[in-house]
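K.L.:
Between the sequences and the hints, there should be enough to build the whole structure, so can you do that?
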Amino acid sequence: MDWLSLDLLPPLLKGLKITLLLTVISIVVAFCFALLAGLGRLSRFAIVRAIMSTYVEIFRGTSLLIQLFWIYFALPMLLDVRLSAMTAAVIALGLNYGAYGSEVVRSSILAVPKGQIEASTALNMTPYQRMRRVIFPQAWVMMLPGFGNLQIELLKGTSLVYLITLADVTYQGMTLRSFDISRTPAILAWLLILYFIASYTLTLIVRLSERKVVKGRG
Amino acid sequence: MSQNIQTFTSDEPIVRYKNITKSFGEHTVLKELDLDILPGEKVALIGPSGSGKTTIARLLMTLESPTSGTIEVDGEMLWHMHKRGRLISANEKHLHRVRSKIGMVFQHFNLFPHMTILRNVTEALIHVLKIPKAEANHRALEILERVGLRDHTNHYPSQLSGGQKQRVAIARALVMQPRIMLFDEVTSALDPELVGEVLDVIKAIASEGDMTMILITHEMDFARDVADRIIFTDGGVIVEQGTPAELFENPKSARLQSFLSRFMKGQPDRSADDRVAAGTE
Ligand SMILES: Nc1ncnc2c1ncn2[C@@H]1O[C@H](COP(=O)(O)OP(=O)(O)O)[C@@H](O)[C@H]1O
Ligand SMILES: [Mg+2]
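Protein sequences appear in the order of chains S and B. So that you can map any letter, position 149 of the first sequence is 149 in full-length UniProt numbering, and since no number is skipped, the others follow by simple counting. So that you can map any letter, position 21 of the second sequence is 21 in full-length UniProt numbering, and since no number is skipped, the others follow by simple counting.
Because the hints were derived from the structure by calculation, they are not lab data. Treat the numbers as computed from the prediction; the structure is a model and nothing was measured. Each hint should be verified, as a subset may be incorrect.
[What the hints assert, rightly or not] Below, in silico cross-link-like pairs of lysine to any residue (SDA-like), each with a Cα-Cα straight-line distance of 25 Å or less:
(1) K93(B) with I117(S)
(2) K114(S) with L63(B)
(3) K18(B) with T121(S)
(4) K101(B) with G115(S)
(5) K130(B) with Q116(S)
(6) K130(B) with L95(B)
(7) K93(B) with F136(S)
(8) K114(S) with Y156(B)
(9) K18(B) with R229(B)
(10) K93(B) with Q116(S)
(11) K133(B) with T121(S)
(12) K212(S) with M115(B)
(13) K212(S) with L35(S)
(14) K114(S) with Q159(B)
(15) K114(S) with L174(B)
(16) K101(B) with T121(S)
(17) K114(S) with L144(S)
(18) K212(S) with R119(B)
(19) K31(B) with G242(B)
(20) K83(B) with P127(S)
(21) K93(B) with E118(S)
(22) K130(B) with F136(S)
(23) K133(B) with E118(S)
(24) K133(B) with Q138(S)
(25) K93(B) with M131(S)
(26) K101(B) with M131(S)
(27) K133(B) with P137(S)
(28) K130(B) with P127(S)
(29) K114(S) with S161(B)
(30) K133(B) with Q116(S)
(31) K252(B) with D234(B)
(32) K18(B) with E72(B)
(33) K212(S) with T153(B)
(34) K133(B) with R146(B)
(35) K93(B) with I47(S)
(36) K101(B) with Y128(S)
(37) K212(S) with L202(S)
(38) K93(B) with G75(B)
P.N.:
Rendered as structure tokens:
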């Protein structure tokens with residue numbers, strides 16, 4: 001049973017816990033930024049649109065790794081604050097995937113037929129009610145596949161956080177490797193398997209929730 | 001027919017378009033339009049495709065704003081309001097108040113696909129008029145009964161035929177009890193065999209009398225039956241108007257004569273195009 005290298009698992013699973021925790025928290029944060037920026041880019045107010053577009057362009061136009069370094073190393077020096085690696089990672093992942101998610105939110109809302117806004121206006125709904133009761137529920141269904149993809153991207157994106165010394169599953173793998181470089185293939189094989197199981201589980205969850213939302217809507 | 005014994009309670013128009021011009025970019029769609037509509041009056045708008053009929057309705061429903069001119073509803077400006085003695089553009093709050101008097105039924109129904117038929121009808125009652133849910137359900141069921149859809153309350157729009165969808169849309173607008181109702185080619189997207197059921201519902205509403213109705217239609221027999229007045233538009237202006245008898249038996253302008261003669265041969269707006277568009281809802 002030696003070839004299975006089961007002795008590698010305990011430290012790797014410890015790291016996986018961090019990876020999953022980071023993924024879940026970052027998904028929630030990214031979702032909030034996606035909504036905020038997605039709706040903000042459709043705002044009536046030009047200034048709100050400008051701020052949100054700037055945010056989205058900056059975070060889509062630069063790499064996650066540099067954003068991570070900025071938030072963890074540079075920002076604390078400039079602003080004189082101390083962020084834990086976990087906090088910095090959540091902020092970077094949340095802002096980065098939130099920027100991509102805002103595009104999903106925006107395009108889904110724009111994809112709801114114009115007649116829906118017109119019908120809700122004719123019923124004298126307020127702009128907020130039109131969005132909340134008519135547009136958003138229809139857009140939401142269209143957002144799910146896009147969000148599902150981004151969640152899986154985010155999970156895989158978390159592997160960069162080992163570079164700011166957060167002890168995720170990749171970090172644990174790299175540490176094990178530095179003890180015994182000859183076990184590199186086994187260590188990396190486990191990383192592949194663990195990431196695959198995690199992302200596939202996420203895929204299944206997303207699919208299940210999609211089916212639940214679409215069901216009964218006729 | 002019934003409209004000839006209709007007596008209007010007031011000479012003050014409930015809707016007044018004053019010198020309305022509407023342009024989309026370079027393209028002027030309505031040119032200095034003046035139009036008064038009396039309370040309770042049933043007006044049919046006819047005219048070739050692209051003549052501006054829909055735009056006339058959309059301006060009143062606040063779906064489109066005028067380029068210049070004013071619209072009054074029940075003695076009050078729709079698109080403008082007074083502020084410190086000056087006339088300024090209406091804000092959403094003002095529009096909201098005046099708009100409560102107006103309802104509209106669309107060519108492509110525009111039902112809410114994520115809500116049951118019952119909720120389509122109660123949604124605005126509950127959230128706009130703030131009527132308690134039980135009372136809203138009660139009113140909705142009453143209206144759905146009137147349009148013959150009482151048995152479909154828990155279905156979704158996609159489960160209904162076009163004619164049924166349009167009757168739900170009529171119920172949804174009617175339940176808000178607007179004083180003015182706009183019907184924009186509400187049968188144009190329907191298969192021919194479903195047109196009758198929808199027109200019957202509208203005729204029944206019209207015969208009750210007190211609602212002001214603006215009907216954009218290509219169904220000339222229907223217009224003749226229901227309308228007190230027919231208005232013929234072409235190229236963004238009102239070319240001719242009068243009672244159905246005057247317009248249909250004795251059209252004066254060459255444009256109306258040619259429109260009517262073309263019309264009696266075929267039904268230009270019930271095209272394959274429209275049916276495809278309707279199916280995408
Ligand atoms: N949103 C819009 N943007 C540009 N042109 C428009 C728009 N809506 C309508 N039009 C144009 O205005 C003209 C009148 O349209 P409409 O009022 O729909 O006429 P009708 O209902 O009589 O067919 C048409 O030429 C149409 O192409
Ligand atoms: Mg039209």
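K.L.:
All hints, please: hold or fail.
P.N.:
Here's how the hints hold up against the structure:
1. For a cut-off of 25 Å, the pair hint linking K93(B) to I117(S) stands: about 17 Å separates their Cα positions.
2. A distance of roughly 11 Å separates the Cα atoms of K114(S) and L63(B); the hinted pair therefore holds under the 25 Å criterion.
3. Note on K18(B) and T121(S): the hinted pairing holds, with a Cα-Cα distance of about 23 Å set against a maximum of 25 Å.
4. For the hint pairing K101(B) with G115(S), the CA-to-CA distance comes to about 20 Å; that is within 25 Å, so the pair holds.
5. For the hint linking K130(B) to Q116(S), the alpha-carbon distance of about 21 Å falls within 25 Å, and the restraint holds.
6. Taken as a hint, the K130(B) and L95(B) pair is honoured in the structure, with Cα atoms around 18 Å apart against an allowance of 25 Å.
7. Using a Cα cut-off of 25 Å, the hinted pair K93(B) and F136(S) holds, with the two alpha carbons roughly 22 Å apart.
8. A threshold of 25 Å between alpha carbons decides the hint, and for K114(S) with Y156(B) the separation of about 20 Å falls inside it, so the pair holds.
9. About 19 Å separates the Cα atoms of K18(B) and R229(B), which keeps this hinted pair within 25 Å; it holds.
10. For the proposed pair K93(B) and Q116(S), the alpha carbon gap of about 21 Å is at most 25 Å, so the pair holds.
11. Between K133(B) and T121(S), the direct Cα distance comes to roughly 21 Å. Compliance with the 25 Å bound is thereby established for this hinted pair.
12. Between K212(S) and M115(B), the direct Cα distance comes to roughly 16 Å. Compliance with the 25 Å bound is thereby established for this hinted pair.
13. About 21 Å separates the Cα atoms of K212(S) and L35(S), which keeps this hinted pair within 25 Å; it holds.
14. A distance of roughly 21 Å separates the Cα atoms of K114(S) and Q159(B); the hinted pair therefore holds under the 25 Å criterion.
15. Under the criterion of a C-alpha separation no larger than 25 Å, the hint pairing K114(S) with L174(B) is consistent with the structure, at around 22 Å.
16. For the hint linking K101(B) to T121(S), the alpha-carbon distance of about 12 Å falls within 25 Å, and the restraint holds.
17. Restraint check for K114(S) and L144(S): satisfied, since their Cα atoms lie roughly 21 Å apart, inside the 25 Å limit.
18. Taking the CA atoms of K212(S) and R119(B), the gap is about 20 Å. The hint holds against a cut of 25 Å.
19. For the proposed pair K31(B) and G242(B), the alpha carbon gap of about 20 Å is at most 25 Å, so the pair holds.
20. Pair hint K83(B) plus P127(S) holds up; C-alpha atoms about 23 Å apart against a cutoff of 25 Å.
21. For a cut-off of 25 Å, the pair hint linking K93(B) to E118(S) stands: about 17 Å separates their Cα positions.
22. Between K130(B) and F136(S) the CA atoms are separated by roughly 21 Å; this keeps the pair inside 25 Å, and the hint holds.
23. Simply put, K133(B) and E118(S) have alpha-carbon atoms about 24 Å apart, close enough for the 25 Å limit, and the pair holds.
24. For a cut-off of 25 Å, the pair hint linking K133(B) to Q138(S) stands: about 23 Å separates their Cα positions.
25. For the proposed pair K93(B) and M131(S), the alpha carbon gap of about 17 Å is at most 25 Å, so the pair holds.
26. For the hint linking K101(B) to M131(S), the alpha-carbon distance of about 22 Å falls within 25 Å, and the restraint holds.
27. Restraint check for K133(B) and P137(S): satisfied, since their Cα atoms lie roughly 20 Å apart, inside the 25 Å limit.
28. With a C-alpha separation of about 16 Å, the suggested pair K130(B) and P127(S) falls inside the 25 Å cut-off, and the hint holds.
29. Annotation: proposed proximity of K114(S) to S161(B) holds, straight-line Cα distance about 22 Å (limit 25 Å).
30. Using a Cα cut-off of 25 Å, the hinted pair K133(B) and Q116(S) holds, with the two alpha carbons roughly 23 Å apart.
31. Restraint check for K252(B) and D234(B): satisfied, since their Cα atoms lie roughly 14 Å apart, inside the 25 Å limit.
32. Taking the CA atoms of K18(B) and E72(B), the gap is about 8 Å. The hint holds against a cut of 25 Å.
33. As the CA atoms of K212(S) and T153(B) are separated by approximately 22 Å, the hinted pair is consistent with the 25 Å bound.
34. For the hint linking K133(B) to R146(B), the alpha-carbon distance of about 20 Å falls within 25 Å, and the restraint holds.
35. Of the supplied pair hints, the one linking K93(B) and I47(S) holds, its CA atoms being roughly 22 Å apart against a limit of 25 Å.
36. Straight-line distance between C-alpha atoms of K101(B) and Y128(S) comes to about 20 Å, which keeps the hinted pair within the 25 Å bound.
37. Simply put, K212(S) and L202(S) have alpha-carbon atoms about 15 Å apart, close enough for the 25 Å limit, and the pair holds.
38. For the suggested pair K93(B) and G75(B), the alpha carbons sit about 17 Å apart, so the restraint of at most 25 Å is met.
In the structure shown, no violation is registered for any of the earlier numbered hints.
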